[in-house]
Amino acid sequence: MIEALWGWPPPVFDPAGPYAESVTTLAWVLLGMGVAVTAIVVAALWVALRGPDALKRKLGGERTVWIGGVAFPGVVLTALLVWGLALTASLTADITGDEMRVRVTGEMWWFRVEYLDDDGNVLVADANELHLPVGEPVVLELQSADVIHSFWVPHLSGKKDMIPGRTTLLRVQADRPGRFGGVCAEYCGGPHALMGFVAIAHGQDDFRQWLAGKARRQAASAPGGGAGRRQFMDSGCAACHRVAGTPANGLAGPDLTHVGSRQTLGAGILPNNRGTLIGWIGDSQSIKPGNRMPSYDMLSAEELEDIAIWLEQQK
Amino acid sequence: MKSETGFDHDLYRLFPTHRPRPKGEVEELERIWDNPKGWGLLTVVNNNYVGFFYVATAFLFFLLAGILALGMRVQLAAPLQEFLPQETYNQFFTMHGTVMMFLFAVPMVEAIGIMLLPQMLAARDLPFPRLSAYAFWAYFVGGLCFFASLFVGLAPDGGWFMYPPLTSIAYSPGINTDFWLLGIGFIEISAIAGAIEIIVGVLRTRAPGMTLDRMPMFAWAMLVFAVMIVIAFPSVILGTLLLELERAFNWPFFDPARGGDPLLWQHLFWFFGHPEVYIIFLPAAGLMSMMVATVARTPLVGYRLNVLALVATGFISFGVWAHHMFTTDMPRISAGYFSAASMAVSLPAGIQVFCWIATLAAGRIRWSVPALFIVGSVLIFVMGGLTGVMVGMVPFDWQVHDTYFIVAHLHYVLLGGMVFPMFAAFYYWNGMTSRNPLSERLGRWVFWLMFTGLHVTFLPMHLTGFMGMPRRVYTYLPDRGLDLLNLVSTIGAFTIAAGVLLFLLDLARNFRFTTDHDAGNVYGGGTLEWLPTGMYSTRSIPLVRSREPLWDDPAICDDVAEGRYFLPNSATGLRETIITSPVNAEPQYLQLMPGPSPWPIGAAAFTAFFFLSLTVQAYAFAWFSGVVATVCVLRWLWETDRPIAQKEADIGAGIVVPISVTGPRGHGWWALNTLMVVMGMIAVMGGFSYLYLYGIHPEVWIDAPPLGQTALVAALLAGAMIAARLARYLLSRHEAGVFPGQGPWLTATASAALIVGALYLDMTGWQAAGLAPADSAQGATVFAMLAYQACLAAVGVIMALYLGLRSGRGLLTTPANVTMDVVGRFLFFAAAQGLALSLLMRTIPG
Chain Y
1 MIEALWGWPP PVFDPAGPYA ESVTTLAWVL LGMGVAVTAI VVAALWVALR
51 GPDALKRKLG GERTVWIGGV AFPGVVLTAL LVWGLALTAS LTADITGDEM
101 RVRVTGEMWW FRVEYLDDDG NVLVADANEL HLPVGEPVVL ELQSADVIHS
151 FWVPHLSGKK DMIPGRTTLL RVQADRPGRF GGVCAEYCGG PHALMGFVAI
201 AHGQDDFRQW LAGKARRQAA SAPGGGAGRR QFMDSGCAAC HRVAGTPANG
251 LAGPDLTHVG SRQTLGAGIL PNNRGTLIGW IGDSQSIKPG NRMPSYDMLS
301 AEELEDIAIW LEQQK
Chain C
1001 MKSETGFDHD LYRLFPTHRP RPKGEVEELE RIWDNPKGWG LLTVVNNNYV
1051 GFFYVATAFL FFLLAGILAL GMRVQLAAPL QEFLPQETYN QFFTMHGTVM
1101 MFLFAVPMVE AIGIMLLPQM LAARDLPFPR LSAYAFWAYF VGGLCFFASL
1151 FVGLAPDGGW FMYPPLTSIA YSPGINTDFW LLGIGFIEIS AIAGAIEIIV
1201 GVLRTRAPGM TLDRMPMFAW AMLVFAVMIV IAFPSVILGT LLLELERAFN
1251 WPFFDPARGG DPLLWQHLFW FFGHPEVYII FLPAAGLMSM MVATVARTPL
1301 VGYRLNVLAL VATGFISFGV WAHHMFTTDM PRISAGYFSA ASMAVSLPAG
1351 IQVFCWIATL AAGRIRWSVP ALFIVGSVLI FVMGGLTGVM VGMVPFDWQV
1401 HDTYFIVAHL HYVLLGGMVF PMFAAFYYWN GMTSRNPLSE RLGRWVFWLM
1451 FTGLHVTFLP MHLTGFMGMP RRVYTYLPDR GLDLLNLVST IGAFTIAAGV
1501 LLFLLDLARN FRFTTDHDAG NVYGGGTLEW LPTGMYSTRS IPLVRSREPL
1551 WDDPAICDDV AEGRYFLPNS ATGLRETIIT SPVNAEPQYL QLMPGPSPWP
1601 IGAAAFTAFF FLSLTVQAYA FAWFSGVVAT VCVLRWLWET DRPIAQKEAD
1651 IGAGIVVPIS VTGPRGHGWW ALNTLMVVMG MIAVMGGFSY LYLYGIHPEV
1701 WIDAPPLGQT ALVAALLAGA MIAARLARYL LSRHEAGVFP GQGPWLTATA
1751 SAALIVGALY LDMTGWQAAG LAPADSAQGA TVFAMLAYQA CLAAVGVIMA
1801 LYLGLRSGRG LLTTPANVTM DVVGRFLFFA AAQGLALSLL MRTIPG
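One line per chain: the protein sequences are Y and C, in this order.
Under the numbering used here, think of the first position of the first sequence as 1, with each following residue one higher.
Under the numbering used here, think of the first position of the second sequence as 1001, with each following residue one higher.
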């Protein structure tokens, strides 16, 4: 299993960037309000049921309704609303257009990730992993290839839906390096439960180097060869998967050009190593039932290992 | 008090009367209201029985959907379990939500209404007993068949919200989705039938003197409830029709490639879906308001504020639907508006809660099982309401939307707002239908198990949500800190189940259905349902002088039972009830009521078969069922609205009122108008869909047919409207007796023919302009609206011919006749609505 990206403290209360941080403050205040009001109601109920007669008489009239049901909530809710509206406005402040852009497309049941250059061309194609520079806002162009999905990395920001026929924009920013779990939050059928990804924030220089390296790799030929590569091409993998610099140019499934450097397999559900690669190729249907990749159980253990070895080299 | 109808209020002083009543009146009432026995019980239409069947069926679905929930909790008790396979789990959660909302919650509150309202209002029965029977049987047959889809693995699996394109044919090719669309679409029809019954019942069959200001709070709640159903349900009916049309005929309402938009569904669904929550909550709040007063032994504090809160909730709830869509990237200004409205709707809820608390403080509580459930429900509901306020805050919602936080929120609201009040009501009103009271000792266990179980299940879910667990997941990965929390939730779920099981045990031991030897007023309520009753309801219908007549007039029970009030006998020897005026409840006329009949159940069963055979694509049987259902409805109507010999009746103390009237005073007029609101709302939502899609993808729109043709269509429809009016006018020209000529029905038929002609012209016009339904969202919407108009036209033709048949058999009485009234008004409405829709689609875009 992949290393814990969630767990304690709850990510909603453990913000890693400005777009999550203000919501965390809001969440604490709302929780405090909730606890306080519950306490007030419990106290009022106690007085009503068991309290001394003098207090009961004070509580037992229409004045209680006006105060407790109209005035008090009116004031609290108005204050909250004003704050909420201001916060909404600041979080959705107009996108300037100079931010780095990444197109993330929800597909049944994984995420296509494409880093765009200034002209909107795809610089690097990847999947199920989102790399970000620390301290810099990144605009995500969210799209869907099939049904409605929703993009959510609670450490970085609230969620936004990926809707067929539309492009929704979400701005995220990480203020500290780290790995943050993400999931699809909108029910999208079948193995929706197993549709995740990882966001990885690097230092800015680190990130530029990473991106440039990946871009160079896209333009070069694929490393490695031999039995694994042959097996990959012969087994029909290329019909759905692309590996830059090889004849494999399928677009239905995740781009495998950099699969060897990814941290997870199966859209954020398995750690990535030779063993899990073999397991996934040979038996993806038991690991993630209903996913679009058939189990290649007709391949021998040796053939599977060959493919896995070659894929490991694709970084 | 100023008289509303010209009725002399001084006459009220005659009650209670003093002269002894003749012997044998009670026996006569018993004979008239007697029920068929054995298999004949299926033909029963009296609310005592239909209401009970209805409540029992709704409770059965509560148990079934609860079992589904337990299955899901077992699956989620530990990570990566394989108790329920993925497809089964997805069907389970879809069915759990769907069954709880559509087959349990709405029918349950409607059922409680049908069961309690006539007694609370001291009416002999609701005004359309056969319609209640139809609504119940349609729901019973349709609901069970729908649920059975689970056993053959064909249950819907797209979530109870059914978002396309996941539910479009491309991603859900099986008939599972069709089961949802047709099954639910049809159960909604049953809900609307019940709502019409309730609106007319509450407004027109209250006991004399029960002004709106003296109405039991539950009746107020049911009135608001029914009005909300009438306005909200058409939206989802239209939505399901559009999605089914897209699936069956490839009409692209939701397909962005051809100018559709998946978000249109979300608007249509949530315009219904959020009011739905209040549709469930308000009746339960009404029950709470009544029970609180009884257990605290003092009248409700803030009666008028509470009424205001009910009405305000109804209004505001129609302005909050898009808060389910905050994450769809809606414009900031809309998000702000919907956020504000969502905050605002919590004010009336707060008013009700503090009315209850103030009432408890004003009185002195007598502890009992209902009292426990009431106090528990207040606390749970408040907690759910507070998380509701939280998710009304847009940025917070972006985080917790579609996580287990929402699962926790909605279960707190629905359990606290509806399920706990329902259990309180079961104990409280049990005495009305059962020979024995339920056990107080077992009841306490039921309460504490459910109350504890609820918190153990749902309190941890707030945290599970904050930790990032999305909803609607059939499993989750280990090492995410979610294992323990989920296990705790599962334990809690079984604790709730233990409480429910104990309740069933209590029912098995103590519940014995009866209509006349009931356990009675165990908790000492002050409203009319606690008067002594039989199948005929109360012996005489009391004059209501206050909100809690039984508390204010200790003699009222005896006086009612001795026949010292209105209608101490059967004035006509038939089933009957007093129709009163809507505001002050002044007696207006005596309505003759239909008795047991096999036709409503026949019509209901075949309506269900019609929809089910459509689902499984057995089109021949669908046609057959549709025809049989229509014949059954016409046959049941055939017996009603007969010429009557007796024109007036003495309803007690020498007060004489007419029997059966037409026009705005008649109860049929009110029902038809309500139905028109339903039909009109479908058209309004259709118009909204049309404009919305034009706004999203105008590039696929083509020009409308030429203006000259539009004028011709309009002229034909205007002609149809005039003909519909003329038919009634012709009838009214004769003073009395049976109408001699053929004028009225021929004119009505001409009106229907004009509607059909206009429709033909309209449709071929669009075809000539080059529009086809599968081409674009415009084509799909235009032809969907024309198809809707075609349905109305078909009903219009059937009605006109039915009128002809009645006319031929000499049943068309002058100067006014309910059948004529209904047919004429329906045709007029169909033509007017067709005109509005045609003009809208042919002029925009210009």
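Just to be clear, a hint being listed does not mean it is correct.
[To be verified] Dumping the calculated DMTMM-like pairs for lysine to aspartate or glutamate here, alpha-carbon to alpha-carbon at most 25 Å:
| hint | chain 1 | residue 1 | chain 2 | residue 2 |
| --- | --- | --- | --- | --- |
| 1 | Y | K58 | C | E1735 |
| 2 | Y | K315 | Y | D206 |
| 3 | C | K1023 | C | E1548 |
| 4 | Y | K56 | C | E1028 |
| 5 | C | K1023 | C | D1650 |
| 6 | C | K1647 | C | E1735 |
[What the hints assert, rightly or not] Here are the simulated distance ranges between beta carbons:
| hint | chain 1 | residue 1 | chain 2 | residue 2 | range |
| --- | --- | --- | --- | --- | --- |
| 7 | Y | V29 | C | N1250 | 47 to 55 Å |
| 8 | C | A1774 | Y | V122 | 28 to 36 Å |
| 9 | C | E1639 | Y | V42 | 37 to 45 Å |
Just so you know, these hints were derived from the structure itself, not from any lab.
Note that beta-carbon positions come from the ideal geometry of N, C-alpha and C, so glycine has one too.
To see whether the hints hold, each was checked on the structure:
no., hint, verdict
1, Y:K58 to C:E1735, "violated, 65 Å"
2, Y:K315 to Y:D206, "holds, 16 Å"
3, C:K1023 to C:E1548, "violated, 30 Å"
4, Y:K56 to C:E1028, "violated, 51 Å"
5, C:K1023 to C:D1650, "holds, 17 Å"
6, C:K1647 to C:E1735, "holds, 14 Å"
7, Y:V29 to C:N1250: 47 to 55 Å, "holds, 50 Å"
8, C:A1774 to Y:V122: 28 to 36 Å, "holds, 34 Å"
9, C:E1639 to Y:V42: 37 to 45 Å, "violated, 58 Å"
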